[in-house]
Structures are given as structure tokens and as C-alpha cells.
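J.: Each chain, written out:
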Amino acid sequence: MTVQFTIDGLEVKAKEGEHLLDVARRHGIDIPSLCHHEAVEPIGACRVCLVEVRSGQKTTITTSCNFLVEDGIEVHTDTAEVRKHRAMNLELLLARAPKSDVVRKLASASGVTRTRFEPLAYEPLPNCILCELCVRTCDMLGHHALTTVGRGDKKRIGLPFNKPSDNCVGCASCLSVCPTQCISVKDTPTQRAIWGQKHDFILCKVCGAPVITKKHRDFAISEKGLPEDYYDTCEKCKQSAASKRFASVVW
Amino acid sequence: MSRTPKLDKKLISSILQQHKAGDASALVNVLHDLQAHLRYLPQEALEMAADHLGVSYAQMYGVATFYEGFHFKPRGEHVVTICMGTACHVRGAPRLLEQAERDLNVESGGTTKDLMFSLEQVNCVGACALGPLAIVDGTYKGSMTPAKLSNLLKKMHKKGKK
Amino acid sequence: MQAFKTPKQLQAHRKKIIESRPADRKAIAVCAGTGCKAFGSLSVYDVFQKTLKSSGLDKKWELRATGCHGFCERGPLVLMFPSGTLYQKVKPEDVDEIVEQTLVKGKTIKRLTYQDPVTSKWFRREQDIPFYKHQHRLVLKQNGMIDPTSLDDYLTIGGYGGFLKALKMRPAKVIDEVKKSGLRGRGGAGFPTGTKWEICAGTKATQRYVVCNADEGDPGAFMDRSVVEGNPQSIIEGMLIGAYAMGASKGIVYLRQEYPLAVQRLGLALESAREAGLLGKNILGTGFDFDIQINKGGGAFVCGEESALIASVEGRRGVPKRRPPYPAISGLWGKPTNINNVETWATVPLILDRGHKWFSSIGTEGSKGTKIFSLVGKVNNTGLVEVPMGMTLKEIVFGAGGGIPDGKSFKAVQTGGPSGGCLPESKLDTPVDFDTLVQEGSMMGSGGMIVMDESTCMVDVAKYFVGFLKFESCGNCTSCRDGLQRLYELLSDVCEGRASMETLDLIEELAGTIRATSLCALGTTSVNPVLSTLKYFRDEYVAHVKEKRCPAGVCKSLITYTIDEKNCNGCTICAKKCPEQAISGKKKKLHIIDQQRCIKCGICKDVCKYDAVIVA
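Chains as they are written, first to last, in our numbering: chain Y, 1 to 251; chain V, 252 to 413; chain R, 414 to 1029.
Please keep in mind that the hints were generated in silico from the structure rather than gathered at the bench. Any given hint might turn out to be false.
[What the hints assert, rightly or not] Using 27 Å as the maximum straight-line C-alpha spacing, the simulated BS3-like pairs for lysine-lysine come out as follows:
#1 R/Lys617 x R/Lys554
#2 V/Lys412 x R/Lys990
#3 R/Lys948 x V/Lys364
#4 Y/Lys15 x R/Lys948
#5 V/Lys392 x R/Lys1022
#6 V/Lys392 x R/Lys1013
#7 V/Lys409 x R/Lys990
#8 Y/Lys84 x R/Lys948
#9 R/Lys1000 x V/Lys405
#10 V/Lys399 x R/Lys999
#11 Y/Lys15 x R/Lys663
I would like the entire structure built from these sequences, with the hints used as guidance.
T.: Printed below as a string of C-alpha cells:
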């Protein structure tokens, strides 16, 4: 079923069951957010993507990433209330992740350039904003290596018992989705160090560049039923081989 | 010599067998049963439990650490718990906790080096009329004062050394 | 126990058992609730058992270990039927005398009866004691009358009458009955129970669930514990009625692990209900299947929130989810799920048995029936009180509660658990119902009522609740997780004399964002204790900030312990007990506290018999 409503005065249509943030972005309306990624289910953690939703007599401030669109609502993305509360949540996040460029940029766009709060006393991962994108992605990819540990003011991201996990294949997807880039991944030409362990790379048979970690290859081949030699060459060399083949056929 | 007792995998299996395999809704009940026998939740037990219930080990650990009731390190022979409920708080529970921390030389949540005492706190056991309350090895000790608690701990310590 | 195969068989057994136990039969009820047990009531029970047996009186007198009577402050309690005589603070060595004097000769032992600390009047009968006199006990009354492990005891007081009546009605009619009664959820939010049932029943599904929320997490509240321990069959009956009305075949009781006795008693009750054919397949031959399992909590306050409870039961972290969809439409494993709390379920059988008109005649326009409160803190009569909705705070605190002990003056009463508000003396005439309390900046919550006196620091109390909630927050939302952590730091600044007036502004600003932008009710209501104390007790905050003084003498950084010259007689006890050897002084000479070494633990004040230690 289709629902119809307005965002900042603009008439929009969406499917029932869609989330407001996705609909807004599709219509070119930007709502800042940190913990949202289209590949995984929203959890509404960062509380930055705030909007004001008017429905009949009721006006509420809500996060848009996990708000299911409704027919006839009136959405405002930039009211004084929204700005005030977004600024406060960004100030809280700035205190947690003072070195994150993304957080600093968003905060300063909200007029927050310094925080009135003390630096956090604890944080096993400096600049982590606990958005759980890494955990959600790790789960979605079927690895289940990372987890959210503890709760409340002791919540953190990590591995069970803080020990290297057999499930981690070293794919570094966690880092690729991390908004503050706070996960430590160190690559050498032959090895990747991540989450307390080292993974050997498969090196491209043609150019010698790292293709994928061995463990990741084994996982991908067994899970996706890819041919054994799928990761023998890197994408670049695969492409140039393909174009050479193409060229030989055409010319 | 390791202070951690050797794990009895047979015992863990037999505990797990009492719960339906693949039923994640038994997760917290399973954790309770394991802890009731092992007194804490060692890594191997969580791994076996995750296998049995069909959830990932990471999820098992994430869920277990979400709750205050579970422990992941060996606990002391005696567990001293201070109730930090509101009724106990207004009757002076923080002073009890501080006293116990001083006497045992551990922070709340910790275990003494000799593994004799674990000091824990709980957010209300619903025995508010007895407050402030200390729970010593499961027994409720009501109308507690720092001085009384101190004496009690000293006595237990002496007994334990013998 | 026989398995009943038809409603008729159960009815016949009920009739037989009620007739065989006339209301005026002689019985002794020893309270075996958690409070009285901790005071040693089980040894009292044992001695009674032996003494009655050896004297042959066990034929004449029935002895019962019952659930909580509510008057925990005075335990162990021994209540005698039919006389209604209540003995309090009974010790095992008193039993012989009770048997000889009271049971045999019918004489009252005055010293064991209750003396009002305020009026010094003595009371023999339970019902005359002010603590009980101000109450209207529907749910709690049964607690003191029955052995919680006996199904027959429950049948004697009319148990399963409501269920039998429901079975004669169409499910929709049962829902209608609950709707008309005006019952609202006792767990805190006060949503109309019948409407909730109707939504759940009206959602098309192959499977529905009913859940009893017994994750009583409010610190300072123990109503639910006492009902589960004292009358577990009433919860089972309530859930049976609900399951029948909504077409659910599975029930779950989500029970706090901190309540081991409740887990045990409910387990026994489920077994005996199964044996009697009241749970399982084809209940009483009606074709209705229903069973209940216990899911223990792991110690997380937030799991009292419906969507977090569901996550916990499903084996996930107890993190609340955005609603809608509500559990009544999509709950456990995506199926319609009706969640009510213990007190709500325990009230349902009474409504079915006595009719909606009877129930709605009690209480106020918007809030029907009675509500159980756990009255604790700085109050004379600590315990559980059940009162009609609409009774004023004053009547509860000063009537049933008997006022403030040690001649101190009342300062505030906090209702609604950690997310409730603190109401001052000027609000004591507030009638206690769902809507009025919210208007005044507090809430009903599940029924915790914590009384504070002049020696309670309101900033410290606000800090306590915020500390509790930051620890109990699931940690999902920035506003709640980090917001509460920061709020706690700011309140600590106030308590420790580091704050300025700007700190108070920042506290209010931050509290506004936590309230407006957190996902679940834990977050949005978490600032109530701060905002309500700032509103009603602002002068205390200001004293901490401007004068660096804690008027109640609680905040350690702002107080000093000294010894009063006049009262100190040099008994040396304080010096001996001081853990830091901070007190010096010769025997029979004035003692002095070395302020550098003093850690303000307060032991000297506790042990001084001459009131010579001054806190200022």
C-alpha cells in the first residue's frame, strides 16, 4: 500500500513499511545520521537523525531511521526543537569521540564546536560511538565474530571474553562501515592484523597484490559455492585479463 | 597450580541436555542453570551452550553480559551482596558497601585474591522492610550497620582461615 | 490431587472443600514471606508444629505457613483465625506461651500485640491496627489466609470461581467483562486491560501468547514478589482466563531471578495446576489447551519494558524496540502477545468472580479498583498496603504508614519507581490515581512508594536514581546512555561542591534532550526524579552550589564529623571502632576527630551511645 505525506512541505509517496529516513534521502532531503546503513536494519542508536512529526494534534520528536512512514503525517526536518536536541546529542557524541572527523563535522554543522562534558574515563575502542554497525554487519555477513558487550554506561563493542575469535575471517567489513573509523586494521603486503589476530593474504598470482585473507577465501568458497580458484587473481588483474580476452575476440 | 577448578564438560552437557536443543528462548534459563552448578560462566560452558541452543557464541556472550546476574570469573567461596535498592539507600546502604570494600579490599563486583570473598551489589531484592540489607551466601541480614557488617566479615574471615 | 475432567467435577470438589472448612474454623497463620522468613518465621512455624503435635492440639488447630501479610516491619507475624488476633515480632520461644495462653485459655498476650508508636495504643485484632484499617485488601488479603503451596487452600477462598464463570461465557464476553470493569494495567502505564486484550484477540494469528510480567525491577517495590510467593494460583487463574478470552495456548511468566522463593512457589503451583487438569491439553474437557512456562530474568531492569522483555525471552539482548508495532499485534516470534503484570493478572479472577460492577464501584472515575503499594523508606509502618484508587498520599503515608519515625519531619514521597517523581509536603493531598500523579510530575509506576524525611538529601536521591538508570539503561540510545552518564557526573558535581549555577542550567537542558529523544520509556522518564526535585526542592540544589552545604547532612564532601564537648564522656568506643584511627582521646576525656584522616564512614556516629557525634 502507498502512503502519502509531506517532508518540509514537499509531497512525497512511499510504500507502507518504509522508514522515513530512506524516503527522505530518496527525495533529496538530507537528514544527518551516524548509525544508519542501508544494508542493515536500523536500531536508532545515535539519535542524530531527529525530525519532528506532526500527526493530528500530536507533535513528536523522533528518529527518522526507524520511523515507519504513515499516511497524512507532516514531517519537519529542521525546526528549532530538532536543532536543539540534535545539537545536544552531537555534543554527547563529541565528548565520546573527540577525534572523529565525521562527528566533529556534524557537530559543528549543528553549532557545536566544543563539549561541556569531561572526556570519558573508559573506552576500550577510542572514538567508538557504539552505533553497532560493525556488529550488525558482521552478523549480516554470517561471521558472528563481534558482539555488543555489557549494557548501559558499560556497553562496548568487542569479542567474547576479549579473546581473538575463530569466527573472524579478517574481512574488515566492520571497519568499512564504521562511521568514526575507530577499528584498528593494519595491513602489510602479506598480512592483515585485526581484532587481535593476524591473517595471511592470498596474493594475486599475476601481480602479487593481496586479494583476500585466506580465512575469508575459505569462508566465501564454502558458503557461496564459488570455484576453488576464484580468488587466485585480484580484481584488477581479472579485469585486465578479461579485457585482453575481449580484445582478442573483437580484433 | 591453577586456582581455576577444572571444568567438568560432562556436567555441562548434562545441564544442557535438560533444555531443548535449538530453543533460544531457554537461553537465560540455561545460563542460570550453568551458573548454579559452576558458580560462574566460563568460556567453554558458553561455547557449548551456544552450540546446544543454536545461537552464535558471540550472541551468547553478548546476551550473558547484558544481565547483571551473570559472572564470568571464578567467584569467592563466600558471596557478600549489598542491596542498593531505594529503601536500603535512604537507610544508608552506600555506607555498607564502602565498609565492605574497605574491609575486603576489593571493589564492588570483585573477588578477594585468596578467592574467599566476592563482593557484589544488587538493585533491590524486595525485602525493603529489612533495609539496609546485606545478603551473605544467600541469607538475608537485615538492619545492617557498617560496624555490624565489619564484625561479620571478620568472623567469616577467621573461620575461613582455620 | 485428582485430575478434574469437567468443570462440574472441579465445581463439586470446590463445594466439598469449602463446606469441609467452615470460615470459623480455628487456624494459625504464620507468615512465611521473604521479610518474615528473614526475621526467622520458619523456626516459629517449626516450633508451632512440634508443640501442637505433642499437645494433641493439631487436631483442633490448623497450622499454615502463608504468604506475605504485608506488615513486614513487624515480622515474624502470627495471625489467628477466627479471632483475628495478630502477634508480631514473635520468637520461637514465645510459641509455648501462645499455645498455653491463647490457644488453650483464649487469653491475649499483650506484649506480643501491636502498640502504635505514635498513640501508644495497643491493638489485639489485625483489622483494627491502623496499618490494616486504612487498607482495602482484595488481592493481598488472600495472601495471609492460604498456604501458597496448596491448591485446596486457594479453592477454599473461592479460587478458580472466576475461571469457571469465564468458561460458561463466550471469549468476547470475557473481554467485555474486563473492559467494563475499568481495570487498567498495574505495571505502570495504566493502559486499559480489556482494550489490550481486545487488540490481541482481534489480530489474526495461528498462535497467540499471554505473558505475565513479573520482572519487578523498581528498587523499593515488592508487591509482585509478595503475590507470586503468597498466592501463585491467582496468577495462573488470571492467565487462564486471559488465554481463554484471547485464544492463546501458551503462557510465559517472566520472573526476576532475584526472587528465588517466588520461582520455587510458582513452579510448585504450576505443577499442582497441571496435576489437577487446570493446565495442559483439553482443560476440564472443554477442548481448551493452555500451559505456562517460567522464563527467569537475568537481572536487567529494562526487561520490564514490553519489547525488551520479548527480546529477552527470545534469547536476545534485552534492548527495547521501537513501537508500533505493539506486542498485542506483533510480539513474541512475531505473534500477537498480551503482556500484563502480576497484580493485573491476580485481579482478573476477582473481576470475573464478582462481576465488573463490583470492581468498578471501587476507586475513582478514571482509575478503578485497588492498588498495592510498597511503602518503604523513612516511615513507621514499612510494608505492603493495598488501598482504593484515589486515596490521598497523606492518608497512605500518615494513615496506613503511621507517619515518620524518630520524631523527624516529612520531606518527600517518591512514587513510580526510579523514573517517578518526588512530591513534597504541599502535594500530600494528591489523590493517588494514574492520571493525577502524572499531572503532578510523577507517576503511578508499579507501586513503589518511598518516604523521605528531613535527613534525606534530595540531590543525593536524584543522583541515586540517575546512577541506577545509567547502569540499567540498555545502552542503545546516545541520549539515554551518554546523557544519563553525564547527568550523573553533573549531579556528582553538585553533591561534591564543584557545581556552579550554570551546572543547574546544563542539567535541565540535558534532561530535556534525554526526555525528548530516547527510544523507550526508561529513557524518556529517567529524568523525572531530577526535574521533580529541581522543581520542588530547588533550594537544596542551590545550597549545595552556592553555600557548599548539604542541608540534610548526607553529601560526604560537604559535611564534617565532629565530637560534641558536652555529650562526650570519653567512653572510647568511637576511637576503637574508627577504621582509620582518626579519633584520639583518653579514657573519660573528650575525644577529637582528625579531619585529615576522617573518611566520613559514619561508624563513630552509629556506635556512640551518647549522641556526641555531630554531622554538619
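J.: Hints first: check each against the structure and report whether it holds.
T.: Evaluation of the provided hints:
1. Between the alpha carbons of R/Lys617 and R/Lys554 the distance comes to roughly 39 Å, so the proposed pair goes past 27 Å and is violated.
2. About 23 Å separates the Cα atoms of V/Lys412 and R/Lys990, which keeps this hinted pair within 27 Å; it holds.
3. For the hint linking R/Lys948 to V/Lys364, the alpha-carbon distance of about 47 Å lies beyond 27 Å, and the restraint is violated.
4. Among the hinted pairs, Y/Lys15 with R/Lys948 is inconsistent with the structure: their alpha-carbon atoms are about 45 Å apart, more than 27 Å.
5. A distance of roughly 23 Å separates the Cα atoms of V/Lys392 and R/Lys1022; the hinted pair therefore holds under the 27 Å criterion.
6. A hinted pair counts as satisfied when its Cα atoms are at most 27 Å apart, and V/Lys392 with R/Lys1013 qualifies at roughly 24 Å.
7. Taken as a hint, the V/Lys409 and R/Lys990 pair is honoured in the structure, with Cα atoms around 18 Å apart against an allowance of 27 Å.
8. At roughly 22 Å between alpha-carbon atoms, Y/Lys84 and R/Lys948 fall within 27 Å of each other, so this suggested pair holds.
9. Distance check on the hinted pair: R/Lys1000 and V/Lys405 sit about 26 Å apart at the alpha-carbon level, within 27 Å; holds.
10. Straight-line distance between C-alpha atoms of V/Lys399 and R/Lys999 comes to about 25 Å, which keeps the hinted pair within the 27 Å bound.
11. Between the alpha carbons of Y/Lys15 and R/Lys663 the distance comes to roughly 34 Å, so the proposed pair goes past 27 Å and is violated.
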